[in-house]
Amino acid sequence: MAEIHWMTAMELAAALESGDLSSREITEALVARTDALDETLGTYLHRTTERALAEAGEADARRKAGEAKSRFDGVPLAYKDLFITKGVPTTSGSKILKGFVPPYDATVVARSHEAGLPMLGKLNMDEFAMGSSTENSGYQLTRNPWDTERVPGGSSGGSAAAVASGMTPWAWGTDTGGSIRQPASLCSLVGVKPTYGFVSRYGMIAFASSLDQAGPLTRTVADSAALLEIAAGHDEMDSTSIPGDRPALLDGIDGGIDGLRIGVVKEFSGAGSDPGVTTLIDQAYARLEKLGATIEEVSLPSFEHGIPAYYLIAPAECSSNLARFDGVRYGARVEGDDIIRMTSRTRAQGFGPEVKRRIMLGTYALSAGYYDAYYGKAQKVRTLITSDLAAAYEKVDLIASPTSPTTAFKLGERTDDPMAMYLSDIFTVPVNLAGNAAISVPAGLSPDDGLPVGLQLIAKSLDEPTMFKAAYAFEQDLGFATSDKGRPPL
Amino acid sequence: MSIDRRAVDHVARLARLDLSEDERAVMLSELQQILGHAEKIQALDLDDVEPMSHSVPMVNQVRPDEVKPSLTQADALANAPEVEDHRFKVPRIMEDEG
Numbered sequence: 133m134a135e136i137h138w139m140t141a142m143e144l145a146a147a148l149e150s151g152d153l154s155s156r157e158i159t160e161a162l163v164a165r166t167d168a169l170d171e172t173l174g175t176y177l178h179r180t181t182e183r184a185l186a187e188a189g190e191a192d193a194r195r196k197a198g199e200a201k202s203r204f205d206g207v208p209l210a211y212k213d214l215f216i217t218k219g220v221p222t223t224s225g226s227k228i229l230k231g232f233v234p235p236y237d238a239t240v241v242a243r244s245h246e247a248g249l250p251m252l253g254k255l256n257m258d259e260f261a262m263g264s265s266t267e268n269s270g271y272q273l274t275r276n277p278w279d280t281e282r283v284p285g286g287s288s289g290g291s292a293a294a295v296a297s298g299m300t301p302w303a304w305g306t307d308t309g310g311s312i313r314q315p316a317s318l319c320s321l322v323g324v325k326p327t328y329g330f331v332s333r334y335g336m337i338a339f340a341s342s343l344d345q346a347g348p349l350t351r352t353v354a355d356s357a358a359l360l361e362i363a364a365g366h367d368e369m370d371s372t373s374i375p376g377d378r379p380a381l382l383d384g385i386d387g388g389i390d391g392l393r394i395g396v397v398k399e400f401s402g403a404g405s406d407p408g409v410t411t412l413i414d415q416a417y418a419r420l421e422k423l424g425a426t427i428e429e430v431s432l433p434s435f436e437h438g439i440p441a442y443y444l445i446a447p448a449e450c451s452s453n454l455a456r457f458d459g460v461r462y463g464a465r466v467e468g469d470d471i472i473r474m475t476s477r478t479r480a481q482g483f484g485p486e487v488k489r490r491i492m493l494g495t496y497a498l499s500a501g502y503y504d505a506y507y508g509k510a511q512k513v514r515t516l517i518t519s520d521l522a523a524a525y526e527k528v529d530l531i532a533s534p535t536s537p538t539t540a541f542k543l544g545e546r547t548d549d550p551m552a553m554y555l556s557d558i559f560t561v562p563v564n565l566a567g568n569a570a571i572s573v574p575a576g577l578s579p580d581d582g583l584p585v586g587l588q589l590i591a592k593s594l595d596e597p598t599m600f601k602a603a604y605a606f607e608q609d610l611g612f613a614t615s616d617k618g619r620p621p622l
Numbered sequence: 059m060s061i062d063r064r065a066v067d068h069v070a071r072l073a074r075l076d077l078s079e080d081e082r083a084v085m086l087s088e089l090q091q092i093l094g095h096a097e098k099i100q101a102l103d104l105d106d107v108e109p110m111s112h113s114v115p116m117v118n119q120v121r122p123d124e125v126k127p128s129l130t131q132a133d134a135l136a137n138a139p140e141v142e143d144h145r146f147k148v149p150r151i152m153e154d155e156g
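Protein chains in written order, with my numbering: chain R, 133 to 622; chain L, 59 to 156.
The hints are simulated quantities; they were obtained by calculation from the structure and are not laboratory data. Treat the hints with care, as some may be off.
Unchecked claim - Residues on chain R that point at chain L, a partial pick, calculated with CB under 8 Å:
(1) Asp-279
(2) Glu-368
(3) Thr-495
(4) Gly-508
(5) Leu-594
To be verified - Facing chain L, from chain R, some residues (calculated, C-beta under 7 Å):
(6) Ala-134
(7) Phe-232
(8) Pro-440
(9) Val-513
Where is the CB? At the ideal position from N, CA and C, for every residue including glycine.
Pulled out of the complex, with its shape left as it was, chain L reads as follows (with noise of 0.2 Å):
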């Protein structure tokens, strides 16, 4: 199973980076070699084996629900590129429509 310049256009799309030719074409090699050295894990028979996600075996960790003092809206906002009317601002989310 190899990557290709395809998956890494689509990757690239996911991940929400707006890579340049020049790094597309790098990074494909790149993870090709990666990948390439995953191959032996890929190759191991663990069917029987249970995957493990965490080292430390806790179940939720829950707290009573009281009101505690948190961020003010003022320092949440502190470091936003760009705010209106106490959110913050994003360029246009949908598309025009008709």
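If we strip away everything but chain R, and leave its shape as in the complex, we get (with noise of 0.2 Å):
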């Protein structure tokens, strides 16, 4: 048998279900990964070491009962930061929710409980979610385990290096813009932005709610599937959750790909990414056709706007989301004499600058006289981006781009230029605005750095299984993922 550190989530399943591990070694196993590992990488806000230990020897139990609650009860797993957990202390990587406990488990972490999936703890992200590398986090950075000198991506940069590293066989994250697509992407892993509305939100600590949806980050496109089948479907506490059954995700995944028309971005091909992730995507869509997909090229011209849109459009949601944080119901307080002084304060010291800057920016976007300018004429550009979406859907099934223009950058590069930074974005955020679903799935390693890239694949609304299918067939073609070469050098 591998590693265990290194099986899949299904394999593991597998072998929970033999007999031959038990979920306890499973649990012990991945302590002692994240012990060696975690110093170095800075992957944890927060374990919860004894509380896996304890759901773990629960599973067993309930395994050799033959009541086992799930195929994955005793497969373990962790959460981004921005999950609200009950009991389970909950930052979303911001110092002004430092000592927050939450009273009650978001939907996600509630459903993943319910089949059984002992919990790690919390992983690292930037503070709110706002960010391309996990250096806005409030608290460490978290480090690529590909190379610890570069970042692994954001926001959900911690998730991405816990999976990558062997540390967790899978994560949950959000991606308001890419915060999953992108890490995925800098290390080498399966990320997934479901369909907006597929998963509920409820008890995600908001950032820009007509855009944040949760999603899985895992090793293998499989995985993936199964994760988001176990937290996906409508919930009464989110009123944007789609109403209705979700398609099945695992089943037919293995379907093939054969008459499958997929069409490749015309604007994409000059947007400026690196060669050597020119290079793996122009292979990957050779490929998809080899394995039995038509190529052809589709024109998105209103995809050029998608950054300057998003960079409004997020920032004035998240500008009114971010409202609540004023000192009074919970998380730290500087005193001032007066409610506004108090208020004034308290986020001033509790938020860091990025999460400043994009208030300020979203405030402004949505203050009397600039409101026409700025957020109006993006809400335009989002109608825009979303009917070139559906004209291109009318030819072809799905579309592929790169995830990520560039590989994993160094820590410190990107810092002081905010916009350098949220170009890191610029194939992943017309998909959040779309609403549409989207994958990032191992494309191999860059011939100029030796660093992964990501292929993207994005799918109509709802069409998650053709999604999972094409990706499948792409990763098992390539054989990359679970081969060694796969794995970073740790």
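Build the complex from these two chains, which are given one at a time in their own frames, with help from the hints.
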């Protein structure tokens, strides 16, 4: 049997079913792996080891009694610290929530718990999910397991580094403009941004409510499908969760892509990707064609406006959502003579520079006299992006692109240049604006620097099954993700 | 349309952020840069385009108005920086009257 920490969730579930491994053994192995690596990588903000071991023991007892809660009962996992966890400190990476202990569980957490998945802990992230490198965490840096002088991507960088280094087979992240897919790309993982409304947002600390979605980070496509199935579905606690049943994702994932029409975006070809990224992505398109898909060019002229539109809409929504951090109901308070001084001081000390920047930007874009010119205009661009995508899907079933224009960049390289950091998201933000589903799947290592590159596949809304089928066929044929080459040199 | 220092001060007040002088100076140059990037979309002719606030076209979601268990008062207050008589305590809100 393979080393436990490199086993996929599917393999662990099979070993639990056959009795070859217990949940306790698995959990102990992952805890030991984390003990060995986390001082270097900085992935966890809060570990719940005792709880994980206790839950593993309960899972083993259930299996013994023939009462497993699910196929994955006893397979441990970890959460981005943006998910509210009852009784477990939750900060969303922000100093302003230091010491906050939530009184309830997010729906994603509750459903994962109901499936029997022991909780290993809470993972580092850019403060309130604002960032593309995890360097905006209020607490610590997280390093990329492939090169510890480089960023893991962000904002779900702790989740990505933990999965890529074998501390957990899978983790939950969130994606508002690329925060699952970009770190997946930079750490050679599979990462999924489901259709908006596919998964409940209840108990996710809100950043930009019309864009935020939860999704899995895993080492294989099948594991992502499995974790997404566990939490997907309507939730009466989230009025924006889509009513009705979700399609099966694991079932039929190996159906192949013969005859599938895949579009490549004309406007992306000159969008400034690294040569190594372009080489691997061109090879990926050729592989998809070899597997039976047809590749054709589609035009999405409005996509070039995605970044400016996103960096008005997301800050506008964030400035409103983060108004709740006022030093009254939770988190830190800095004293002041009256409520305005108290609140203004609390927020100035509790928020980091990027969060303040976005609150300022959003407040400005929504303020009297500027609303139409900035926020209103961005909302119209959002309409254009959505209709461009809809037109493209008249011709094709999926759209392919790089996930990130570059491989992992060096720690500190972009921290002084917000605009350079924002451009990390150029291929991912239009998907959030339109609400579609997308996946990043490992495409190999760049010939330039030996670092991971991710292929993005964008599906129609609620067409996750086609997206998973294509990603699975690509992954299996490439044979990279679960090979020695697909693992970081730790 | 460019943001100036007065606008930074005004917006900081609206956003309840007690920024330092240094922060205001840095904020001004960064916001100018980011908003400069937005000029491209300001120049687009979008008069005939409807604005979009949400990707899922949903009307109001309603549920039956039933009494159900919810957070206890103790749970709701547990994380508050200051509590008095089972309520959130805040500094004065109104100015003293003459």
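Quiz item: Going through the earlier hints one by one, which of them does the structure break, listed in rising order?
Solution: 1, 5 and 6
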